[in-house]
Amino acid sequence: MRLLNYVLTRLLYAIPVLLGVTLLVFLISHAIPGDPARMMAGQKASREAVENIRRSLGLDRPLPEQFLGYLVGVAKGDLGTSIRNQRPVLDDLRDFFPATLELTLVSMVFCVATGLPLGILSAIRRNRPTDHIARVFSVVGVSMPVFWLGLMLLLLFYRTLGWLPGSGRLDMALNPPAYVTGIYLIDALVEGDWTTFINAAGHILLPAFCLSYVYLAIITRIARSSMISALGQEFITTARANGLAEAAVILKHALKNALIPTVTITGLSIGELLGGAILTETIFDWPGMGKYVVDSVGFLDFPAIMGFTLVVALAYVLVNLAVDVLYAFLDPQIRY
Amino acid sequence: MWDTFRKERAWQIKEFFFTLRLLRQNPSAVAGFLIIALVTLMALAAAFVAPYDPIRISLGERLRPPSAAHLFGTDELGRDILSRVMYGAQISLRIGVLVVVIAGGCGALLGAISGYLGRRVDNLIMRVMDVILSFPPLVLALALAAAMGPSLNNAILAVAFVMIPKFARLVRGEALSVKEKQFITAARASGAKSLWIILNHILPNCVSSVIVLSTLILGETILIAASLSFIGLGAQPPTPEWGAMISVGRKFLLDQWWYATFPGLFILVTVIGFNIFGDALRDILDPRIRR
Amino acid sequence: MAEPLLSIRNLSVQFFTYQGVVRALEGIDLMIQRGEILGLVGETGCGKSVLARSILRLVPDPPGKITQGEIRFKGEDILRVNGKRLREIRGNEISMIFQEPMSSLNPVFTIGNQMAEVVILHQRVKRDRARAICLEMLSQVKMPDPDRVLSKYPHELSGGMKQRAMIAMELSCRPALLIADEPTTALDVTVQGQVLTILDDLVRRIGASVLFISHDLGVIAQLCDRVSVMYAGRVVETAPVEALFARPRHPYTVGLLQAIPSMHEERDSLMTIPGVVPRLIDPPPGCRFAPRCAKRFEPCDRVVPPLSEVETGHAVACHLYPGAPEDATRKSVGAGEDG
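Residue numbers (numbering that gives the first Met the number 0), protein chains in the order written: chain A, 0 to 335; chain B, 0 to 290; chain C, 0 to 338.
Looking at chain A on its own, in the form it has when it is part of the complex:
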């Protein structure tokens, strides 16, 4: 019961945040630029076109009225029209979403599967060689410019060694698998198409590793420090004094406590993942939302940029909400 209350409270609290996020994006797109109409119409649009946009989007109305209109529009899924190709921005984003989802999911799975055990190991073997290596790796990770890492990876694995492809999701010669989820790895498996699967896997390897690098460092670091903190608590001594095997002490008693801050920070860091995706997709020509927004910047496609920002921010809020709920599952003390 308490858990349900907690979830409902968090949900309720999320609503003003979602509104606030929408408001901020609105302010950025409508209040900051010198002439929002020109931004929406494009630098190359004629005077007449700009005035048309101004009227049709109601950009000559007072701001609060504009915001209401904007809000209604967003609720209906209207995120503006891309200057580049005159399509609704929402449609563009929908097209490019699966590629980003695939990249982000693969990266997250890799990071958690690697970072958590690495962090735990590092905590247990504190101050021994494994720990020192892990800590160096951690610092380098959070200091790494993602776009540079991608370029270096390309230099090494594509240019010098020739082991891995340099761009895209699949070789030009191959056709993408039949659409089930839009995630090539899954779709290829569903079809039983091994060639495509292996090819897609090969293509996702470098971008996923590049994207994961920073995230992995963050997870390892927090897993390590929360594990060390948990292992220093009195109840660990109690568990040992009761005769539990060391493995049970670590994996049952310490781990669950260590997971709490780890999950929180991991969830918060998904923002890094989303930000990094922008850069990674650009470097590896990965046709996802990140590359879309960077291309849009090149064209000064303002509606596209703003549409992207809003979608990503809203998604981030919802992800954090999910993390909050997960947190309540792990820590009984906060269910009040």
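The hints are simulated quantities; they were obtained by calculation from the structure and are not laboratory data. Don't take each hint at face value.
Ranges between beta-carbon positions, derived for each pair [as the list claims (entries may be wrong)]:
(1) C:R128 / B:L116: 51 to 61 Å
(2) B:R126 / A:T180: 34 to 44 Å
(3) A:A321 / C:R128: 38 to 48 Å
(4) B:G172 / C:K64: 34 to 44 Å
(5) B:G172 / A:R127: 28 to 38 Å
(6) B:S176 / A:A314: 53 to 63 Å
Short derived list, chain B residues pointing at chain A, Cβ under 7 Å [claimed, not checked]:
(7) F17
(8) L19
(9) P26
(10) S133
(11) L137
(12) F229
(13) I275
The calculated lysine-lysine pairs, modelled on DSS-like cross-linking and capped at a C-alpha distance of 27 Å, are [stated by the list, open to error]:
(14) A:K251 / C:K73
(15) A:K251 / C:K294
(16) C:K125 / A:K255
Owing to the predicted nature of the structure, the values given are computational and were not obtained by experimental measurement. All C-beta atoms, glycine included, are put in the ideal place defined by N, C-alpha and C.
Given the coordinates of chain A, work out where chains B and C should sit on it, guided by the hints.
Using the frame of chain A, we list chains B and C on its own:
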């Protein structure tokens, strides 16, 4: 009341020298500090030490690999990359310091007001901070920079905006804990106004944690600013900003590896320096470890 | 005389730190008979907790190390048994309860989960049977509404209830020896009495021996059969409880007892023992209490006084009471039967 004030100051000075001693003994602090010092030196002395003029075009020497004459090679306009990287340090550090000063100043003030005044004001300010923090940092900076127009100064403002909540949260926390202490009550009892209390009592107590945060944020700022320039929203050509150089260097990556490699290397090392130093400083200032 | 349940001989524990080697325990001799409650009293920092943890080898290594000595439990030297046997003993034949019930229980698991874990581990029963045993133990410690308590988390219980749950958990496997490290120090005075009564009651019913550690002489007087006094890492006096309070011998013990303010006396100020506890990194070579002792004389600064018997069952480590020779102390620090 003046007595407590003076005693606080004397104690703070003693603590400062103690901190310096601890820093000297800590290997990561020393390593981080050395990196920061070297990069700063490079930035300050660029005008004197750089072998070539960073914007001097020399079409006869385009895209030369690293050699004795050009340690880092040349770019597509024949400019010496080493010199450009050195001037780039100037730019990156300038961006970092400006962002920290702007975000730190605004954020600290907001946080202090929020923590000290409490209730409605606190609620409102923190909700706004929450909204800002609900954006992935690069995404928000990107949107702001796009709206303001691509330029280095706009990028600085955009990144500063993104960093304000981090300072605000930190200072608010400190303000909350200091608020209950006795000397605040004493000050209020003798009629001091809220603003004076905030400026003279609350903010000085936050100095050490703000310094730690500033160091770490400096590193993060350099990364985000470079990313913005890479995308095309920050520094514009011919400014020799590291991220912007990599953006161009990318086109020549496969055959002219040196172009994109060196600027990026400098980003990495500089940010590592700030991060290591900031981490070591945080550990040293942690009251549990200090004794 | 019966073989003691627990016999600690010449135990020394050192901590290797950056500032130097801390000699936390030196040559500890201690004995506990079956069914008796031995009190261990001394001020903060004298090594009581280190001693308690050494018995179950819970001293973190690094930086601590048991450098010499033996601890015989039912005849076995438990300092030298292998990991498997040690885990059999822990929580099962020797149990331990700690000072802070707030932090000694894992906040993310229910009381029932943590209690049952111990029962299942040592008694190899199924969940249902384990639950029944836990319920039984909770009613033995007079826990209100034991059924609901099992599904509660530690932070939902008061300090006293948490400590009772700890007692129930640690006694669920009917250990022969319970080590209680200041179990009531962190509790309210009103609750202290309740918990102590429950503890006393339960251990006597089970027939367990107790090593009861405290700095509170009043509690020791109430509960214990015999007492050992520790100072700066050494045992300085051991005696049956009435004998210790009526005829304290060691100057430190005398000072301790005098420091307790009495309702019947009229004084202007509290009595204290002058000086401070020595640093254990470079302790004084002879008797560690010598620097503060009013009765100190020639050998005190040079020679460590051995623990020797002055009357049956009463031993002191002080040059004022040379007493019986070394090997007699081995037998006579027992519960007053013929030596």
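Hint-by-hint comparison with the structure:
1. Evaluation of the 51 to 61 Å hint for R128 of chain C and L116 of chain B yields a pass: the beta carbon distance comes to about 59 Å.
2. For R126 of chain B and T180 of chain A, the hinted distance range of 34 to 44 Å is satisfied, since their beta carbons lie about 37 Å from each other.
3. At about 39 Å, the CB distance of A321 of chain A to R128 of chain C agrees with the hint of 38 to 48 Å.
4. G172 of chain B and K64 of chain C have their C-beta atoms about 41 Å apart, which keeps the hinted 34 to 44 Å range intact.
5. Taking 28 to 38 Å as the suggested C-beta distance range, the pair G172 of chain B and R127 of chain A conforms, at roughly 35 Å.
6. In this structure the hint that S176 of chain B and A314 of chain A lie 53 to 63 Å apart at CB is violated, the actual value being about 35 Å.
7. Taking 7 Å as the C-beta cut-off, the interface hint given for F17 of chain B is violated, the closest approach to chain A being about 25 Å.
8. The interface hint given for L19 of chain B is violated, since its Cβ lies 23 Å from the closest Cβ of chain A, which is over the 7 Å cut-off.
9. With 7 Å as the threshold, the beta carbon of P26 of chain B stays out of range of chain A, its nearest partner Cβ sitting at about 12 Å, so the hint is violated.
10. Checking S133 of chain B against chain A: minimum C-beta separation of about 5 Å stays under 7 Å; hint holds.
11. Hint status for L137 of chain B relative to chain A: holds, with the closest Cβ pair at about 3 Å, below 7 Å.
12. Interface hint at F229 of chain B: satisfied, since its Cβ lies 5 Å from the closest Cβ of chain A, which is below the 7 Å cut-off.
13. Annotation: I275 of chain B was flagged as interfacial toward chain A, and the flag holds, the nearest CB pair being 6 Å apart, inside 7 Å.
14. Only pairs whose Cα atoms come within 27 Å are accepted, and K251 of chain A paired with K73 of chain C is rejected, the gap being roughly 32 Å.
15. In summary, the hint linking K251 of chain A to K294 of chain C is not supported, as the alpha carbons are separated by about 55 Å, beyond the 27 Å threshold.
16. Distance hint between K125 of chain C and K255 of chain A is fulfilled; the C-alpha atoms sit about 24 Å from each other, no more than 27 Å.
Comparing the model with each earlier hint shows violations of hints 6, 7, 8, 9, 14, 15; every other hint is respected.
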